[in-house]
Structures are given as C-alpha cells and as structure tokens.
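Q: Chain A is fixed; fit chain B onto it per the hints.
Protein chains: 2
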Amino acid sequence: MLIVKKFGGTSVGTPERIMNVARRCVEDYNKGNDIVVVLSAMGKTTDDLIKLAHEVNPKPPKRELDMLMTTGEQVSVAMMGMAMDALGVRAVSLNAYQIAMHTTSTYGNARLKRIDRERILHELEDRKIVIVTGFQGINKYDDYTTLGRGGSDTTAVALAAALHADACEIYTDVDGVYTADPRIVPTARKLKEITYDEMLDLATLGAGVLHNRSVEMAKKYGVKLVVRSSLNYSEGTMVKEEVTVERMLISGVAIDKNADRVSVMGLKDRPGVAFRLFDVLAKAKINVDVILQSIGREGTKDISFTCEDEYVDEAVAVIEANKARLNYESLSCDKNVAKVSIVGAGMMSNPGVAAKMFEALYNEDININMISTSEIRVTVLINEDDCERAANAIHEAFDLGRTHAM
Amino acid sequence: MLIVKKFGGTSVGTPERIMNVARRCVEDYNKGNDIVVVLSAMGKTTDDLIKLAHEVNPKPPKRELDMLMTTGEQVSVAMMGMAMDALGVRAVSLNAYQIAMHTTSTYGNARLKRIDRERILHELEDRKIVIVTGFQGINKYDDYTTLGRGGSDTTAVALAAALHADACEIYTDVDGVYTADPRIVPTARKLKEITYDEMLDLATLGAGVLHNRSVEMAKKYGVKLVVRSSLNYSEGTMVKEEVTVERMLISGVAIDKNADRVSVMGLKDRPGVAFRLFDVLAKAKINVDVILQSIGREGTKDISFTCEDEYVDEAVAVIEANKARLNYESLSCDKNVAKVSIVGAGMMSNPGVAAKMFEALYNEDININMISTSEIRVTVLINEDDCERAANAIHEAFDLGRTHAM
Chain A
1 MLIVKKFGGT
11 SVGTPERIMN
21 VARRCVEDYN
31 KGNDIVVVLS
41 AMGKTTDDLI
51 KLAHEVNPKP
61 PKRELDMLMT
71 TGEQVSVAMM
81 GMAMDALGVR
91 AVSLNAYQIA
101 MHTTSTYGNA
111 RLKRIDRERI
121 LHELEDRKIV
131 IVTGFQGINK
141 YDDYTTLGRG
151 GSDTTAVALA
161 AALHADACEI
171 YTDVDGVYTA
181 DPRIVPTARK
191 LKEITYDEML
201 DLATLGAGVL
211 HNRSVEMAKK
221 YGVKLVVRSS
231 LNYSEGTMVK
241 EEVTVERMLI
251 SGVAIDKNAD
261 RVSVMGLKDR
271 PGVAFRLFDV
281 LAKAKINVDV
291 ILQSIGREGT
301 KDISFTCEDE
311 YVDEAVAVIE
321 ANKARLNYES
331 LSCDKNVAKV
341 SIVGAGMMSN
351 PGVAAKMFEA
361 LYNEDININM
371 ISTSEIRVTV
381 LINEDDCERA
391 ANAIHEAFDL
401 GRTHAM
Chain B
407 MLIVKKFGGT
417 SVGTPERIMN
427 VARRCVEDYN
437 KGNDIVVVLS
447 AMGKTTDDLI
457 KLAHEVNPKP
467 PKRELDMLMT
477 TGEQVSVAMM
487 GMAMDALGVR
497 AVSLNAYQIA
507 MHTTSTYGNA
517 RLKRIDRERI
527 LHELEDRKIV
537 IVTGFQGINK
547 YDDYTTLGRG
557 GSDTTAVALA
567 AALHADACEI
577 YTDVDGVYTA
587 DPRIVPTARK
597 LKEITYDEML
607 DLATLGAGVL
617 HNRSVEMAKK
627 YGVKLVVRSS
637 LNYSEGTMVK
647 EEVTVERMLI
657 SGVAIDKNAD
667 RVSVMGLKDR
677 PGVAFRLFDV
687 LAKAKINVDV
697 ILQSIGREGT
707 KDISFTCEDE
717 YVDEAVAVIE
727 ANKARLNYES
737 LSCDKNVAKV
747 SIVGAGMMSN
757 PGVAAKMFEA
767 LYNEDININM
777 ISTSEIRVTV
787 LINEDDCERA
797 ANAIHEAFDL
807 GRTHAM
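Residue numbers (this note's numbering), protein chains in the order written: chain A, 1 to 406; chain B, 407 to 812.
Some hints could be false.
Said to hold, decoys possible - Quick list of simulated restraints, FRET-style, between CB atoms:
#, chain 1, residue 1, chain 2, residue 2, range
1, A, L121, B, K674, 56 to 64 Å
2, A, S229, B, K437, 55 to 63 Å
3, B, G678, A, N30, 45 to 53 Å
4, B, D572, A, I50, 31 to 39 Å
I should point out that these hints are in silico values taken from the structure, not numbers from a laboratory. Heads up, the beta-carbon is just placed ideally off N, CA and C, and yes, glycines get one too.
Just chain A, same shape as in the assembly (with noise of 0.2 Å):
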C-alpha cells in the first residue's frame, strides 16, 4: 500500500512528538508499505514568522512573506528525516522546488496546480520514506508561494491523488469526525464514515476538522481521506464517495458562534437589487455565508445574511456608506447569534428531517431567526445564548449518541 500521512503543527510542535511521528510512520513502513509524509511547521513557527516579519515591515509584501514562511516546513521535514535516520530507516525530505509543486501565481492563496511525481516515485522505489513540506509551492515566476489555510491537508490530499495512494491519512488533535462538538453535546460519538460533500457541508459550518479545498480536492480525485488523531491508534473516520454501512438521516450537527446577522429592511423591490447589495460587500473583500431574501411591506423586500464576527462591523460601514445608491429603509445588525446546523445524505429522500428539527427546537422553547436549507443540510440561526441547549435537543432527537445506529 502506498499511504499519504498529513500531520500538523501541533503534531510536530517539539523534537520530542517529532520523533513520536516518526515511530509511527515507521512502523507501516515496517510493514511494507511505502510511505509519504506531508508536515505543517512545527508549533507556533508560522506565527512567530509573521509577527517576526511585521517587526521589519507592518504590511509585508506578499512575496516575502512566502519566502520567510516556506522556511517553517522545510525545518519541520529537515527534523523529521533527521529523527527516522535515528530509527534506522532511511528517509529524505523534500520542498516544492524538489517535487516541483506548481501552484497558480498569487502568493498567501495560491492553488495547486501540478506536482512533478518522478523525484518522489524515484525515493520510494529506492524504499525511502519520502517526507514533503505541506503548505507551500512554486509560481511560473519560480518564487515560494504558500495555500492558504489548510494548506498543509491540500498538499496531502493533492500527492495522494498524483501518486495514485491507496490512502490519505489526515492526522490531528481529535481522533475523527463526531456527530456534534463533543464539548458542547456530551453524548456526541465519533462516525466511522462520512460522504465527501457531508464533510464539505460541516467543514463549511466550522465544525470541521479538515479544510474544505482539501475535501473538494479529494471527491475531485476520489482520494479516500481518513482522519485520525496523532496521540492515538484509535481507527478514525474515512471519508469517501458513499458510505457502506447503512445511513442514519443525519450525520452530525454542528454550531458555529462566530456568524453574526446583518438586516438590510424595505429594499425597493427591483432588478438587481440583491446584486448591488453584495457586489459593494465583495468588493469590501466581506464573505457573507447565509443569505435570505423576504418580502416586505409595500413593494419593498428585506434581504438578511450572516458574516463572521470580524467583518460584521466594516459589513454595516459599507452598506451605510453606499445608503444613497443601494436605497433601504433600515439596518441592522444582531452579534448575539450562532448557527446551528444538521448534515446528512441521508436527508435528501427524507422531508420529515428539517420538521425534526424545528420540532425539537419548539419543544425547546428557541426560537429560530432565520433557515436556510440545501440538499443535505438545513440551517437555522437562532440566539447565542440557546445554541448549546439546541445541539444537544437536536442530536437527542435525531438518536445521534446511539452506538448502534452506525
């Protein structure tokens, strides 16, 4: 088997758990499999680099910045080919330029592009451990570029489907995908399998433990993802097309605090509308997520959307700056709010699921501000305050806690 191991920072924060890191890889390359190991910088590196870099410049251009934070990976593989040379097994560390990892030109955000897989292929037939730096690549101009968030599982997922792997383990904090936050809903259990596009709709949602580039990379390619915990040997969920065993409705249920909702009332009821409203909201670089027009009183509507907590303020800046051309009656905006969702393919042949949950909530007592639904997936805003009480009437109602189900 030829098996892609992604871990992160934490995971690779001292020399100590570097070596930790290592025994395990080789112990399944002990037992004949090959290996690739992708690492993020270890610990904090990343940070510490940019906080360095805005003591020498406080908007550092993009292009050196990458330069400065490709070195926390290439440290991290450097280590790591270091600490199995100990264990006795031979390794050898790579960086973008080696394995040629094209990415698109813009620096901070690039996207994969295509990866030269001869130099890797050449290691491993030579039963090397083949160790890359995750996060980073190479423009046409020949300069460091870096991913984004989540780099690191994309870089994993990305040779996982150009080397054909048989499997791409994402290694992290937590041992697997759960049916809830398991601080919040106690009785949450961990899912042995989970859809790509379930993993897509709770990665969205900020429930989730992998990056949604990295998953749309892997239905893209039909990488099999399994996320496993790096302090454990506990089995993990895999993540794949369709999963085999038979389906509960729902897979999880996930709260995200950080959305904030943004009300714009008594719109003039016109043609393009709603593409002012948001074409003046991109262009201020704000991401909205849930968005809902209704009608209002007399020919007008109101259209509501949910951002994260730290543009809401610069949200409500822009839209009353441009109050002359965009032509409403009223703004407002509500911080005390939080998303809770339910995911599941097994919804899409069910109607009776988002009736499931309103029913909980009513038996709650919580009132629901806002829904927005999708084929597997419905949403609900409702008040901060009530989030914990709704996750875990919902995951009861829904019988989630039941080791059996799955």
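A: Quick look at chain B alone, frame taken from chain A:
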C-alpha cells in the same frame, strides 16, 4: 556601478539591524548603483538549528542538516526584502534554487561550480535590489548543500565574479584589515590596501577577517574585495592583485594562540617515514599546520608539527597507537605555544626581513621554538606567554604603526 555587498550573521542579527543594513544598501542604490546583497543567517540561527537537529539525532545525516540549515539564510533574505519594501524600494529575495547556485555534491562542505545569472540580471534590469542567500547551493541530485566555513563570503565573491561586479564589499564587525590585532598591539593600524596573497596568508594564520576560499576565488577571478564595517562609514581595506601605494616591507603581524606543537623524535632515517606519520594523521582527519623535519642523532630524524588545540590530544593518541609501525624513540607535546607570523609581499625582494624579526625577538629575550617561512611570510613558534610582547616588538621594529608609511 554594480556592487555586491555581503553582510554576516551579526549584521542582520535583529530586525533593527536588518533595517540598518537595508538603509545602507538603499543609500547606494539611490546613487544609481545596481546592488546585489548576500546575507548569512540571522545571529545565532545556524547554531540554534544544529542544536535543534541534535535533539532528534546526535549524528544527523548531512543531507538533512543542510536542508535544515539553508532555512536560516532564507529567513534573512526574506526579512531584508520586507525591510527594503518598508523603505519604499523594490527588492527581491532569491535562494539557491532560484539562482541555480550549483555546487559539488558534498553536503556540509560543498564547492561552488556555476551560477545561473539570468534571474539576477533580469531583476537588476528591473531596477530591483537583489538579495541572495549566502552559504548555500544545490547539487546534481537537486538537493541543498552548504559551503562550510566562510561560505557566505564565497557566495558573494562568486556572484561578483559571475556578474562582473565593480566591487565586492564584505561587511564585518571590524572596519578593515589591521597590521596586527588591535586588542594585542595598541599601535596597530588599518591597512588601506593589501594583496590577495598577503590576505591569504593572514587568513591562514588566523588573523583574517576573510575566509581563505573567498580570497582564493577573488584572486582567481580578479574580484576587487573591500573589507568594511557595517557599523560605520570608514573606508575599509581593499584586497587586490597589487597595491598601488608604496609598500612597507611587511603588511601585518598575526598571532595564533590556538596552535600546539607535537614532536616525534628518533624516527629511522629512511624513505617513507614522513609519509607514514602524516598518513596516519590524515586518516584520523587531523589537520596539521607547520611541519618541520630535522636531523636527529645517529641516523635518525625528528619531525615536529603544529595543529589546532582541539586536535592535539587525538594526534598524540593516534601516533602512540601506531608506535610499532612508525618506529620512533619518543613523543612530546607542548600546548603552551603560539604562532607569530609576519606577512608582506615586500619581503620577497628583501632578504633582511626574517633577520629583523628574529632580532626584535632576541631583544625581548624571547626564545624561538620553530621557524617556517614562505615567500611572503615568516612564522615562528614561541612560548604562548611571550606572544603579546613578541607581537608588539615586531610591530615596532617594522614601524607598522606609522600612518605616513602607506
């Protein structure tokens, strides 16, 4: 003018110092010059990285150690790029891959082979300051290598040669080459000019601010070297083929307290004796320095040599272990010795120079242990306790403190 400027680890040890170096480079850039900057790793970074490596592997493989260490210079150049951007100047940092700095294969101590000038010339034409990682290269396996001691100086000289630069300025924490170590000889004077050969001898004798390899390369390609201080605007010392002003007999006095003497007495006077002795030492990787062979009693010969403090115990052990094969009568070792040398292109045509040095020592009642000479150098081995007095007496005898002399 195209100027290559090299700054060592101390000069870029903190963000503040990086800003200072950036300002200094920008000054010359704003005069219309093309500037290429070569940097070492910040402060003690290289030592810290080696320490980190030893935490996972007491004998880290050299390939991985180079992979680790090369991150040090990359951090420096990226930081410098940001600092120059903060000063409103366009700059670009480049690593060994980006300038295709090809070296021999030996990790940890590679030799430069060739540089791809294209990228650098392109960036210079674009009126950018080009910032290059010193000390590192890539080998035929497409792996990182490092150049060993004085490596960044060598990078700077090689770039100056490849780009046909008008000057290669090496910035250090001293402001030039002195007639003697000013801490030992208070009347020591800074030299305005010195020849490559003199500089080479001074470097070998431990007094050098430049590493031998960089001076050798500068000599080979006729690169005009300037040794300057990064702390002030003093003119520094120019190293070139021939000095243009009238010469003193000698350029400087060098002291090396780091030398010990080993004497092997009563060796059979037969061909191959010296070969066998230095062969066992070479196989034990012990570098010997001054070698002296003299005729001993009754068909035997004595061989003495000096080597650095750190090797002397091993040298003695190795010789003793081979006593039967080497066939000598006795072995002695003296750690309380120092080398004092005078260096000067002027002495080639002046046979009285050595005598004048010996006279100065005689007047101070200092006993000479060993003597070794080259065309432009005389070295004596004396008691370590005498070496300050010796250096001052010689400096005085040759009138090196007189500023009008040169």
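Q: Given the range 45 to 53 Å, decide if the beta-carbon distance of G678 of chain B to N30 of chain A lies inside it.
A: holds (51 Å)
Q: When you take the CB atoms of D572 of chain B and I50 of chain A, is the distance between them in 31 to 39 Å?
A: holds (38 Å)
Q: Could one say that the CB atoms of S229 of chain A and K437 of chain B fall in the range 55 to 63 Å?
A: holds (60 Å)
Q: Does the beta carbon distance between L121 of chain A and K674 of chain B stay inside 56 to 64 Å, or does it fall outside?
A: holds (60 Å)
Violated hints for the displayed structure: none, as all numbered hints are satisfied.
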